[in-house]
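Protein chains in written order, with the working numbering: chain A, 16 to 345; chain B, 16 to 345.
There's no promise every hint is true.
Pairs count within a copy or across copies, as identical chains cannot be separated in the list.
Straight-line distance between alpha carbons at most 25 Å, and here's what the computed SDA-like set of lysine to any residue pairs gives [claimed, not checked]:
| # | residue 1 | residue 2 |
| --- | --- | --- |
| 1 | K298 | P173 |
| 2 | K111 | S17 |
| 3 | K298 | S127 |
| 4 | K298 | N331 |
| 5 | K111 | A134 |
| 6 | K111 | A86 |
| 7 | K111 | R255 |
If you're looking for bench data, these hints aren't it; they were derived computationally from the structure.
Number of protein chains: 2
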Amino acid sequence: MSNPVVVEVLRGDRVESAHRGAGAVVDAGGRTAFAFGDVDRPIYPRSAVKALQALPLIESGAADRLGLTEAEIALACASHAGEDAHVAAASAMLAKAGRDVGALECGAHWPSSETAARALARRGGTPSALHNNCSGKHAGFICLACAEGVDPAGYVSPDHSTQRAVTAALADMTGAALRAETRAIDGCSIPAYAIPLRALAHGFARFATGQGLPPQRARAAARIRAAVAANPAMVAGEGRFDTEVMTLLGARVFTKTGAEGVWCAALPELGLGLAVKADDGAKRAAQTVIAALLRRFGGFSDVLGPFAAPPLLNWNGIAVGALRPSGALA
Amino acid sequence: MSNPVVVEVLRGDRVESAHRGAGAVVDAGGRTAFAFGDVDRPIYPRSAVKALQALPLIESGAADRLGLTEAEIALACASHAGEDAHVAAASAMLAKAGRDVGALECGAHWPSSETAARALARRGGTPSALHNNCSGKHAGFICLACAEGVDPAGYVSPDHSTQRAVTAALADMTGAALRAETRAIDGCSIPAYAIPLRALAHGFARFATGQGLPPQRARAAARIRAAVAANPAMVAGEGRFDTEVMTLLGARVFTKTGAEGVWCAALPELGLGLAVKADDGAKRAAQTVIAALLRRFGGFSDVLGPFAAPPLLNWNGIAVGALRPSGALA
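Based on the provided sequences and hints, a complete structural model is requested.
The structure is reproduced here in structure tokens:
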């Protein structure tokens, strides 16, 4: 990987650290509007594709048969912070499928929200799989299985019918071949398939517009976008980029982070999809890059300016440095 | 920065992320035994030089005049996790100087130990400056000032006599000119001076051996090394690399992390100093590199093997990948 430096971390006037990366902005017809770095090497999109993985839940009719709310559909696309509302919604989804926390196969971890984690500790609690940032996605998988009359047990396996439907949707949307050779295991134990950034951006342009999709899928994509836009607090959490930006901009932007420095986004009005990855896996780098790209291509300078060049404050609140996009993104 | 890739992060068989970096292994005479990347560009060593910054506390006689224990001297060199023992020792140091938490100018943050943070939350507490990972270093500065009859107020300023003594020791040990032009502000508000990795490694070789140092400083360095070796739990915390490695290897290794992907170390028996920085600031990268270097140059394969190629486990405890040194470090 010899991708360009895309974000510099300044302390005082000096570059203390620097992040390399790649990214693509693609329209629904597959035309690349902008790219930097190697956007054809397959990378693991991780949680950045949860909205695409949620398509079968909607287009199968499972969400409607179980009566999922729009907030719950948003949670199925979330990497949530483990706040009370997230835990309650994941629990409610499982109840609608006739299951409970015991059906989740994602593993448990403390809420990623430090506030939520401390509140849980303060009341003497310990985390369950409901607090796992992926519990909404997993609850969605379980809802899909149950609504289809399938035993959800083992739904994280690539061979389970639910996971096969999820993988097929991801392959169709991105045009990427998702084979065992490009498969690894994600943090929550579901399959992680490597997909080029250019294909991911194309997939999100199609997700944003419905262009080139069968009508049922296009409707499902629009419904997911609307559900997320109406419930941005469900998708991440208080103070998180995805929640904050979609709260400010509503349905004009869809944005979703993934582990190891991945970010995918869409600009529905402009028919563009975006996908970036920091070579080193740094979230701060990917967030700065996606903010810079959304600002440039979406024209949201006022809203996204602060996210594209965030100051670094020390423990006394003194501004000691800043992040800044560099190179082709400067 | 176009330093080589030094650590690869694998998911399955595929490189998911990669870290670039630079590092140097230097002897006390200033001979470079091994180097990769640009080791002459000044970088901020951050907390990796706390042991050098603690030299004035010892060589001035301040530590003895105030009756600091060896554990407290170790804490003065620490980036501690905010465990109860760390907080108690920092508090005790301040009491010996006739001060309390109010004298600390480092700012407050929750313990970096999640266990300690949750325990604090569980008992309804909130963090103070004593929980700041730098509180031991700051308490040491305050002890130095008070023992010398100087008002500690403003000790974080580059112009305060205490900070001038600390800066002079750092400059003398590394041979680097520490000027206002290479100065920024650290996370705890003290000055952060940029110093080349080669000079840092040389400084730690001199710290490790006393070679070329005035007798009083050589004795102070030996005392700090002994204090840290006898109290490795003070320097970082449970499960942290520095604590674990020095618990296993005692005085044969000195190792200290710094923010933004810096690590410094010393092998006293071999007379070598080491300094590394990950370009992107990633701690996981710097830790893997320093472990690989200590394994290679120190011959501690059994102890350091697991740290130099740590597995990545997911939330279900499944091994989904690993970190591995690459390029010149493979």
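When no copy is named, should K111 and A134 be tagged within, between, both, or neither for a Cα gap of at most 25 Å?
neither (27 Å within a copy, 35 Å between copies)
Reference check for the pair K111 and R255, CA-CA at most 25 Å: within, between, both, or neither?
neither (28 Å within a copy, 43 Å between copies)
Homomeric proximity label, K298 with S127: Cα distance no greater than 25 Å
For K298 and S127, both the intra-copy (14 Å) and inter-copy (19 Å) Cα distances are at most 25 Å.
If the cut is 25 Å between Cα atoms, do K298 and P173 qualify within a copy, between copies, both or neither?
neither (27 Å within a copy, 33 Å between copies)
Please sort K111 with A86 into within, between, both or neither, judging by C-alpha distance up to 25 Å.
within (14 Å within a copy, 56 Å between copies)
Within, between, both or neither, where K298 and N331 count as close if Cα-Cα is 25 Å or less:
both (24 Å within a copy, 23 Å between copies)
Give the relationship of K111 and S17 under a CA distance limit of 25 Å: within one copy only, between copies only, both, or neither.
The answer is neither: 48 Å in one copy and 54 Å across copies each exceed 25 Å.
Against the hints set out earlier in the document, violations occur for numbers 1, 2, 5, 7.
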